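*Asks:* As a plain string of letters, each chain reads:
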Amino acid sequence: MNKPVLELKNVNKSFGPIDVLHNITLQVKAGEVLCLLGDNGAGKSTLIKTLAGVHKPTSGEMLMDGEPVSFARPKDAADRGIATVHQFGGTFPLMSIGRSFFVGVEPTKGFGPFKVFDKKTANEVAVKAVQEFGITRITDGDRLIGGLSGGERQSLAIARALHFGARVLILDEPTAALGVKQASHVLRVVMEAKKRGVAVIFITHQVTHAMAVGDHFAVLIRGALAANFMKGEKSREEITDLMAGGEALADLDAHLEDNTGQGAAAATVS
Amino acid sequence: MDLIANLLRRPAAASILSLIGVLVFYVVFGGVELGKLANAASWLNYAARIGIVALPVGLLMISGEIDISIGAMIPAGAMTTAIISGYYDLPIIFGIIGALTIGVLVGLFNGILAVRTTVPTLIITLGTLVAMQGVVLAGSKLLTGAASVPLTSPAWAKTLFGDFIFGGSHQVIIIWWVILAVIFWFVMHMSKFGNWIFAIGGDKVSARNAGIPVDRITILLFVLTSTAASFVGMCHAILFNSAQVSGGMNDIFNIIVSVVVGGVLLTGGFGSIAGVFIGTLTFAIVNKGIDFTAIDRNWANLIIGVMLLIAVAMNESFRKMALSYSPKPKK
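As you go down the protein sequences, you meet chains A and B in turn.
Each residue of the first sequence is one higher than the one before, starting from 1 at the first, in the working numbering.
Each residue of the second sequence is one higher than the one before, starting from 1001 at the first, in the working numbering.
Hints are computed from structural coordinates only; laboratory data are not their basis.
Predicted model only: the values in this text are computed from it and were never measured.
Worth double-checking, as some hints may not be accurate.
[As the list claims (entries may be wrong)] Short, incomplete list of chain A residues facing chain B, as computed with Cβ under 10 Å:
| # | residue |
| --- | --- |
| 1 | Phe92 |
| 2 | Met95 |
| 3 | Ser100 |
| 4 | Gly104 |
| 5 | Val105 |
| 6 | Thr108 |
| 7 | Phe111 |
| 8 | Lys115 |
| 9 | Ile221 |
| 10 | Ala224 |
[To be verified] According to the in silico footprint, chain A covers these stretches of chain B (three or more CB under 8 Å from chain A):
| # | stretch |
| --- | --- |
| 11 | 1263–1275 |
| 12 | 1310–1323 |
[As the list claims (entries may be wrong)] The calculated DSSO-like cross-link candidates involving lysine-lysine, where the alpha carbons are at most 30 Å apart (straight line), are:
| # | chain 1 | residue 1 | chain 2 | residue 2 |
| --- | --- | --- | --- | --- |
| 13 | B | Lys1192 | A | Lys75 |
| 14 | B | Lys1204 | A | Lys128 |
| 15 | B | Lys1192 | A | Lys115 |
| 16 | B | Lys1320 | A | Lys119 |
| 17 | B | Lys1204 | A | Lys119 |
| 18 | B | Lys1204 | B | Lys1320 |
Built from N, CA and C at the ideal position, the CB exists for glycine as well.
Given only the sequences and the hints, what does the whole structure look like? Please build it.
*Replies:* Right, dumping it as structure tokens:
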């Protein structure tokens, strides 16, 4: 149970002369939420793209269940159970829920050239899968994806990934574009995924969201791991400061405190 | 009410309303007798000619690409058949194979360029359109010394591809059109391949990540569009016993207008075969049905333009309805 599902050892990635990731060593266990924090340009996207098989590490090792793995393309990572859900759900706005849920793995019935797409099964399975995550407002598999709210789309994409056997779920800023209520739906889905024993890598800007679901936090600064700690080891303020690269926000905080006496509260609202 | 709302959310909705609108317009302002129009062959023949090509073009547009080289491929198919089996007098089967082969080759060329480069397919196929016009004209001049070649075909080829049916002036390609429409409908809406095409048109990267062979499907669709066009050209050469070099520029726009009126989204991801079929019928009725009205034929293009704009506006609002649709909570 406590063996890491996915592990990076001294991973470096550079594009030509530009080093993007330096010596990243990280691991994520089953049933654990790893929050990957970092400012824009810190290398978060490169890191998750490396995990998802889009990029190959320049040097260093990637291990899955303790075995070294190497992905030539995203499909290889997906076949091993690494699923990425992007900010907008990565789904097809003008397709129905049932159809988009099964893209690439369509259920069919019938024989030979007359195999038909089994719409009824597809709709039922898709609706059931997303309802299990507590999104009970989705009841009709014929609805178009584009008509769902941002949170529902994210939840549907996560439900889809888990339905097809994802063991490592990479969520790329799933709450960035969402309102407070929608974001809380998504966070609840993340907790449910964790309860099912999935290793979740949760990328976010929002410290509040990270604190709500994270077990394990890693902060990236300019491509290097600046901090790697467990839940409860650091306060919200310390994490915010780390993300911003240290002093910047602490200074701002102090400044605000001088002026209003409520600096800490103001700085954490975002 | 529910039934109507359900119909309106379908991609074909606007094309059905356009069809009804055009018929009403022609009856009210043009004094058309519907019975006479229904029995006439001219519009149905024309619908079959553009419809056979509009079906694969619809699929290609749903997948987010476009092919305008079809305009050159209709005369290319006709000329290939006529040169091989007319000028060189080889058995008609070689002419048929030749015409289809040229369709497949040009389709492969378009498709491979489309997946290997990032050039928009409008530009790629514009290139092949102009190039094929050149090849057809220069090739025909070089080989036969003329821009028009006569052809006599055996009875079986006539029956299959170029005859009149129902003892009147309906052409046999109408039957081909209907059969192809059924096959395309099955593939698009009943098989998993249709789902793949919708997915490619919706989001190419996600589709590829989901394991769909995006490149192969794209190439296949280009092969289908240009082969369908050369097939139509071949049928016409056999029907009219001759083939002429022509630009085929009108066909391009007529086919694309039919597909768009049929509710296919230009940017891909949305549409239906029923819509394309009805869109083609509507277009053909406007274009050829005007001869049955008291309206001057020269107004036909104005009506087509207005219809296109109205249909696209309807498509937009119906798509919004489809997007915002959610079932009412059960009591």
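*Asks:* For the restraint on Lys115/A, tell me whether the closest CB of chain B is nearer than 10 Å.
*Replies:* Cβ of Lys115/A sits 6 Å from chain B, so the hint holds.
*Asks:* Measure nothing beyond the straight line between the CA atoms of Lys1192/B and Lys115/A; if it is 30 Å or shorter, mark the hint as holding.
*Replies:* Within the cut-off at roughly 8 Å; holds.
*Asks:* Hold the hint about Thr108/A up to the distance rule: shortest CB distance to chain B must be less than 10 Å.
*Replies:* holds (6 Å)
*Asks:* Compare the distance between the alpha carbons of Lys1204/B and Lys128/A with 30 Å, and conclude whether the hinted pair is satisfied.
*Replies:* holds (27 Å)
*Asks:* Holds or violated: Lys1204/B with Lys119/A, Cα cutoff 30 Å?
*Replies:* Holds, because 22 Å separates the two Cα atoms, which is no more than 30 Å.
*Asks:* Under 10 Å is the threshold here; is the Cβ of Val105/A close enough to any Cβ of chain B for the hint to stand?
*Replies:* holds (8 Å)
*Asks:* Could you check if Gly104/A really has its C-beta closer than 10 Å to a C-beta on chain B?
*Replies:* holds (3 Å)
*Asks:* Is Lys1192/B within 30 Å of Lys75/A, Cα to Cα?
*Replies:* Since the Cα atoms of Lys1192/B and Lys75/A sit roughly 19 Å apart, the hinted pair holds (cutoff 30 Å).
*Asks:* With a cut-off of 10 Å, does the beta carbon of Phe92/A approach a beta carbon of chain B closely enough for the hint to hold?
*Replies:* With Cβ-Cβ at 3 Å, under 10 Å, it holds.
*Asks:* Count residues of the stretch 1310–1323 of chain B with a Cβ under 8 Å from any Cβ of chain A, then say if the count reaches three.
*Replies:* Contact hint for the stretch 1310–1323 of chain B vs chain A: holds, 3 residues under 8 Å.
*Asks:* With the threshold set at 30 Å, check whether the alpha-carbon distance from Lys1320/B to Lys119/A stays at or below it.
*Replies:* holds (23 Å)
*Asks:* Answer holds if the nearest beta-carbon of chain B is closer than 10 Å to that of Ala224/A; otherwise answer violated.
*Replies:* violated (29 Å)
This entry does not satisfy hints 7, 9 and 10, going by the numbered hints stated previously.
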